[in-house]
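Line by line, the protein sequences give chains A and B. Mind the numbering: the first sequence is residues 1 to 424 in our numbering, read in order. Mind the numbering: the second sequence is residues 1001 to 1317 in our numbering, read in order.
No lab work stands behind these hints, which were simulated from the structure alone. Beta carbons are placed, not taken as given, at the ideal position from N, Cα and C, and that holds for glycine. You can take every hint at face value.
Derived DSBU-like pairs (lysine-lysine); straight-line CA-CA distance at most 30 Å:
hint : chain 1 : residue 1 : chain 2 : residue 2
1    : B       : Lys1121   : A       : Lys278
2    : B       : Lys1121   : A       : Lys195
3    : B       : Lys1068   : B       : Lys1028
Footprint (simulated), chain A over chain B, 3 or more residues, beta carbon under 8 Å:
hint : stretch
4    : 1087-1095
5    : 1105-1115
6    : 1194-1208
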Amino acid sequence: MKQLIENARLIDPETGTDSLGWLLVKDGVIWDTGSGDAPEADMVLDAGGKCLAPGIVDLGVKICEPGERHKESFRSAGLAAAAGGVSTIVTRPDTLPAIDTPEALEFVTRRAQEVAPVNVYPMAALTKGREGREMTEFGFLLDAGAVAFTDGDAVTTSTKVLSRAMTYARSLGALVIAHPQEPGLSKGAAATSGKFASLKGLPAVTPMAERMGLDRDIALVEMTGVRYHADQITTARALPALERAKKNGFDVTAGVSIHHLTLNEFDVADYRTFFKVKPPLRSEDDRNAMVEAVASGLIDVISSMHTPQDEESKRLPFEEAASGAVGLETLLPAAMRLYHAGALDLPTLWKAMSLNPAQRLGLPGGRLSQGAPADLVLFDPEAPFVMDRTKLQSKSKNTPFDGARMQGRVLGTWVAGNRVYGES
Amino acid sequence: MTFSARHLLGIEPLHPVEITTILDLADKYVDLNRQPNKHGDALRGLTQINMFFENSTRTQASFELAGKRLGADVMNMAMQASSIKKGETLIDTALTLNAMHPDLLVVRHPHSGAVDLLAQKVNCAVLNAGDGKHEHPTQALLDALTIRRAKGRLHRLNIAICGDISHSRVARSNLILLGKMENRVRLVGPPTLMPSGIGEFGVEVYEDMAEGLKDVDVVMMLRLQRERMDGGFIPSEREYYHRYGLDAEKLAHAKPDAIVMHPGPMNRGVEIDGDIADDINRSVIQEQVEMGVAVRMAAMDLLARNLRAPKDEGVYV
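Please build the complete structure, drawing on both the sequences and the hints.
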């Protein structure tokens, strides 16, 4: 069966174009695209001039299965992803217990296949129990389908352990994803050091701690030759190190969360714990530097860093409250803030939210070209709405955008040509 | 009536006129407190609960006395020994107490912002008796009253706040209050005990006591908060005393009539020399304690008036 979506603004991150045209889907793949007269099809959808882009590939989603299914399950996360235009979820292994054995990884894959309407690719832990002492069975885990190795936001403090893990990972061609941070400085921090944190009396970490962590990791990359990705770079001070590493030809990429691109430390205001994330929100100067780094391509990936937390873990004094925010459903409208502010155009955004993460992990999505999987999102970048957290599909409602005026509505999401969200 | 707040959570939300209103009323309570019959009835029939999640003798006693002198029923809850230990959350504790219909809740908590959080969940007036490293508003108000009575004014004074600034909620509240009242504030201390972003505070920062105390009207010493330190802020107490402890030699750089203050409890021989602390011509440390009771009476009185104001004659402007 041939499905045609016509009269759509095609956002193609591969060619960097944003132009009116049509897209034909057959057998779950993109059969053809073009402008002008559309071909015949069994089913025709008039997009009404709205945007059609590759589905978002969200790198670093936490689904709280196993262990804390009351916070998020594969089903609820899958529904949230579909509603947010995310066609591919790459899961974090920081569950309870951690995903550090092939058996645990198979559980993730099986649960995802059973109940999630979108693509799910699992990452595995870098060290057993994410404790930073012994590397996991990289070979077996790769065979079981792990797309990368990471301990999430747990920093491997022992440089010796990390260097061995990286050396071993290099021999298998595996991608290592780390959280660049100097753990001695960031221990117990709930905010970024500066006037705001001082006036609020919050334990804070200097932004320099991120650069120190990145410097160490890059030295290890130089030493071992491993493929490396920094999960979140959030401070201007860390950017020159990243730039140098790329110039020197090391296989290094970096990501940033949508929250660090659209919010700053002042949003915490009177101790609003939904704004407590890890690393903590930064200064406005840092935020601007990150947006520029995405525009220039220095930062490769934007992700939601979806981290569900229940009400009980957030209704606490700021220092004691859990870190993290849900983001699957707000990634796209939050990214539209950057588009409407004139900071990033749509092809650039989709490069960072879809093409780059897919390529970095060797996944097929992220493209609108012939033969690519028909993982698509149709959205209206203008549609205004007021964010209501109670309407989120996620089991946890901890979004910092609650009550915020936003623009950008997902009208439809397709995975391999099947519509998983939106009215047909 | 120029005090419209529902809670006293910090100095930051207060307008200078509101600060003056509290201090003016506190002046009257100082007089009352010096009478043989110290009883007022501003809080008669009201229930005041003191919830201290952190050890305190002085502040708790001061609040208790303030409430009793104005006729409130005062209850002290030592929260460290209570249900918190059994796993109850702060909010549940607050809701439980709220159901007992207190009118005034005085709260001290080791975490910054915890009192704000609690205030959102109860429908009585909440007074912050110190939250983490954030604010300690009644301490700043009693310091302000002490300065105003000693110096005859609370503006255009040169005031040095010395010592462990970074761990001190007293320093934060004082910094904000004295700034709002248009004084020149200096911070003096070792750089390891200065909060981050200090350059943006609009104050002068000194690392040397002699320079920092030059020609000041008020010297405000802070306690070295060893219990809040996770190690390695200063090399030793004796070196700290040598370089930053207030003694006669360092005090000689201040104006001849400069007053010496300390929020207590003092570490004699660590941040302040015993002779200076006891010098009745320079030290106003005992007056600070006296002003503390009066300021807390005034603050609770004003909040209680807002509680009693009929809703339709609300104090909202």
